[in-house]
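J.: With the hints as extra help, turn the sequences into a complete structure.
Chains as they are written, first to last, in our numbering: chain A, 389 to 720; chain B, 2 to 296; chain C, 492 to 796; chain D, -18 to 310.
Since the hints were derived computationally from the structure, they do not count as laboratory data.
Hints are not guaranteed to be accurate.
Okay, the calculated beta carbon distance ranges per label pair [unchecked claim]: (1) B:Thr128 with C:Thr496: 18 to 28 Å; (2) A:Glu463 with C:Thr496: 30 to 40 Å; (3) B:Gly123 with C:Met661: 11 to 21 Å; (4) D:Leu260 with B:Pro200: 47 to 57 Å; (5) A:Met468 with C:Arg494: 48 to 58 Å; (6) A:Glu516 with D:Val0: 33 to 43 Å; (7) B:Pro200 with D:Ala108: 51 to 61 Å; (8) D:Pro125 with A:Val657: 37 to 47 Å; (9) C:Leu785 with D:Arg244: 52 to 62 Å; (10) B:Ile41 with C:Gln564: 40 to 50 Å; (11) C:Thr496 with A:His457: 35 to 45 Å; (12) C:Trp617 with A:Glu700: 35 to 45 Å; (13) A:Gly561 with D:Glu52: 51 to 61 Å; (14) D:Glu282 with A:Ala711: 53 to 63 Å.
Owing to the predicted nature of the structure, the values given are computational and were not obtained by experimental measurement.
Here a beta-carbon is modelled for each residue, glycine too, at the ideal position from N, C-alpha and C.
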Amino acid sequence: MTTPVLDVKQLAVQIPVADGILHAVRDVTLTVARGETLCVVGESGCGKSLTSLAVMGLLPSSARRTAAHMRFAGEDLLDMTPRRLRELRGNRMAMIFQEPMTSLNPAWTIGDQLTEPFLRHGKGNRREATDRAVFLLERVGIAAAGRRLVQYPHELSGGLRQRVMIAMALMCGPDLILADEPTTALDVTIQAEILHLLAELQQEFGMGLLLVTHDLGIVARVAHRVAVMYAGEVVESGPTVTVFDEPRHPYTRGLIDCIPIPARSRPGVPLGTIPGLVPSLVGGIEGCAFRERCAFATEPCARPVPVVTGAEDHAWRCILPAAVPSLLENPA
Amino acid sequence: MSDITAPTGPKLRKKRGRILGNSGLIVAATVLGLITLMAIFAPFIAPHDPYAQTLDDRLIPPAFIDAEMADPRYLLGTDNLGRDYLSRLIYGARISLLIGLLTMLVSGVIGTVLGVAAGYFGGRVDTVVSFLITTRLSLPVVMVALAVVAVAGGSLQVVVLVLGLLLWDRFAVVMRSATMQLRNLEYVAAAQSVGCSTPRILVGEILPNLIPALVVVASYEMAQAILLEAALSFLGLGVQPPLPSWGLMVAEAKEVMLFDPWVILLPGLAICVLVLAINMLGDGIRDVTAPEGRS
Amino acid sequence: MLRFTLRRLLLALVVGIAVSAIAFMLLRVSGDLAIALAGEDASPAEVERIREQYGLNRPIIVQYAEWLWRAVQGDLGRSLFYPESVANLIMSRLPVTLTLAGLGLVIALLISLPLGIIAALRRNTWVDRGALGIAVVGQAMPNFWFGLLMIFFFGLSLGWLPISGSDTWMHFVMPAITLGWFSAPVLMRLTRGGMVEVMTSDYIRTARAKGLPGRVVVLKHALRNAIIPVVALCSVQFGNMLSGSVIIETVFALQGIGYLAWEAISRRDFPVVQGILLLVALFYVILTLLADILNAWLDPRIRRG
Amino acid sequence: MSDQQPILELRNVVKRYSVGRGMFAPKRPLMAVGGVSLSVPRGQVLGLVGESGCGKSTLAKMVLGLETPTEGEVLIDGRPIAQLGRLERARLVQPVFQDPYSSLNPRKTIASIVGLPLAVHGEGSAAERETRVAEMLALVGLSPRHAAAYPSQLSGGQRQRVAIARALILKPQLLICDEPTSALDVSVQAQILNLLMDLQSRLGLTSLFISHNLAVVQMLATRVAVMYLGRVVEEGPTAEVMVRAQHPYSRGLLASVLTPDPRLGLPDTRLGSVFPDPLAPPPGCAFHPRCPLVFDRCKVEAPRLRNHQGASRAACHAAERDAAAMIPA
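T.: Here it is in structure tokens:
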């Protein structure tokens, strides 16, 4: 087995807040292989975005990051000099953010911002940079690429800007792309196009893709493997088909059941729900974080829950002996 | 589904904690409170009549400047007409506070009405108000105030009126943009849909949410008015002698600065402390009432 | 951009007219100018004579129109005190005030820009708190008092600098520092606020994700955006300095238009007062016009909007 | 009032704005809503679907009386909304908005937010109001303890329940839900959709339900209308639109719903992503630059909403052509 492009073990992120320490990410372990798409999925506040920012070293300055190791292509990001980290960022690992409207600098042209990482990382001269920018803009489906280079971000629509962000991430031919909710701010018909593009480029360039999203629909359609996060932890991970067919964690099952599906959900037939609220992560949690909301919770759930590993890298953080059945009245 | 994320008790306690944790706010409020009390009870506190001239006791320095020349009757010495400096400073607080408060009220009412109207109604109203703001900003405050006071005659009322009519711009600018933001929030649309009248929306939905910003601007403008009054009086075109305005006292002290420099120190310091306290109070209130974030 | 400039120019013109009207009217409605000119204890006949002489008995609109018509042609009337035309008088004093305000602005920027940027980058550290503390204390001091203290220490006690007059560059040191000192806090707060906002923006995160070194992130990506409102405020501050020159020039007896204004006001030399008010207001109108155009030029969202 | 009388009727409603592009740039007309006619019978839910900028929220504002139509008429319970007083209007139609964070005044308690409509309409004594507020809170699944809380102490889902309670306390004839779940997490969205379905069956509400997500709309709506660039391009019974959409845009929207089925790959919507500039809409059918079925007629002539087959209507030349071809000779 070759070295995974990203190998994170026991990542934790802590943020000091007014009334204590927020344990935003707790014991997250994940790997991304070359040519593989890993989706990190969860609801707001589960720590999925912070996980991707922690990998890139872009956490807010008050946040504290710890891990057993956090290897990028075999090299540990934890004990790396800031200089070495800068050499990798934007070069061998690149990131795409959620908000295309605000993620580009309004004061500089598209061309300037596209060529910047290429020039900064010494990939070639200005002419080569421009050529590559034009090539990539065309590759991400932007017509009249040469003309776009001299435009400013505000002159482009949201969909186009997100394409520019993708092209920018590809400028130096990275080994790993981290995409944090790349389509959430876009219209639904544009979303499919952008996801297509990302999946296609990922195959074409053989990159690893870590895609952070709240949408299980996106996960099902693009991920090779999935990691479900809840309250700062990965509660279940494994091959996408396995996790969707036989979820072993009640939270995963709950998430799948509460999605309305055309032609399956019908008026009058209620959706599955997850009762209660996400627990506060300030201070820290003992035992299973989901037990307050879980229909299967028993007394041992209050104690630390071990991670169970099944076939094909399928792992879950739950003591239930079998897959969780759907609780819907008439599951499809 | 039944849990409230933060019950009321701890929430209030948290707010109280935030106030007490803000040491600047506490210090500022204390200082301001003391000065206010001093101004209100001036006749009982002041050891002397602030207007009484004792020509034999001119320019007696306070003990901390010159212990030998000092006179225990005059804690902070006397001025060039032999008036007790401490008493004049205590009475001077009345003038500064009065002018600060009244000016703030006049300008606050004008500016808030204009700003809220512009922000809420938009369109033509906004165009007119924006034009008024631009025009007002183009007028040089100190010069206009000086010229008007020169024609109308220097008195407390004139100074308040002139400054009040000149210092509303910041209220208008801040209230306008704050109202514009609030106006687009969905709870205003909800109130409209529920059938609330426009005055009810302005008073019930908009105004309560403007108050933190209003307090900050008001404190800033009050400080500004106090500084301007001092400057006008210093230039001889504000409050007229023998009233113990701190600005006037600096002007009077200027004459004897060469030989008795301490005379100039005290009234200036008094203005400085008062303005500092007001500004810090405003900043502190802003920090305490700052939004806590969504979740 | 051309359209923007033209519209902005039109607005400036209208504001200019409004301001000139106010500058003119203010002196007429705030009291009886004739009595003010004649003196409190002049006889009614004397007051009437003066009213007649200065045309104060005509409708105020007519007086204003006539004054404006002459003003447009550069004739602001004659001083009641100096044997000179108001225009000449002002022109002879203007260079002093412009020099003072210019120096003041430079000093303000030298203090506020570095301090604002460093405070923003080191947010919530002692550097930040210190800078804000200086700003708060600085703003609380009455500027005339600050000037007098400077005169006392550097002029009288140490004897390093001349305390009044406007003959050499030495005469400008203290007034310019005083003027700059009081503009610095506003500029510093705005620089700091702008930098803080920009540094937490998404595009700065993008720039850091590209692997750019901190200095490039700050100078190329952040400062460029944060500086735009500061430019506008600079011109506003320059206008305020012209207006504030009344106090500073009086304290330091600097022979600029501020000092002239104070003299004229004290002597009821109203043609001069009106002229100066008009001039300073127009300066302000032109400065904000320039600031808006500069702003638009710096910000591609406005320039190419 | 007969039961045949629709609760909501839109007659050729047009809304034009004049939009300044930047501070001093020339203003240009924007057709936010370009001639929409729809009706909602009593007890029915009309789902209005479309992407950002299609005019669905503007339409909602006109129904609520927050905006005035440039042309056309909005009738509620047969009465033109323009002729209604603000109190009368409020009794007929109430909204639930998208953002549960900005839709509640942060300085008021939940009880006073929910009780505001009663206070404005001067209904009942203070004690009666309190009882009705408590009843309302119970109806939307909140506990009485929430009454004294402030919005900042509630979760997003709880806030949206408060907004629903406020909208229902006057017992309006018509409820306007403008993207009520799109700011919520999926698990919370499910709770709110279940609540709305429950209220729907218990109270027999008539409502206009606006969303960009067809999968959400079909949970509640009896009929669906699809909007594109200010116009309704398809309208019909939910089941029919979901299964046999006639307009290529409706089909594209449907394909864009990513169901959590790991065996399906990414859909090919074949719509491209060149969203047209609403300030310069394309001639002919506004959808033609993105349409996979485009032919010459689409570029010059705007199609009209009409019945081609089944019970639904579509504004599409291709649908018309296909329907014509299918008519047996």
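J.: Which earlier hints turn out false for this structure, listed by number in ascending order?
T.: 2, 3, 4, 7, 8, 10, 11 and 12
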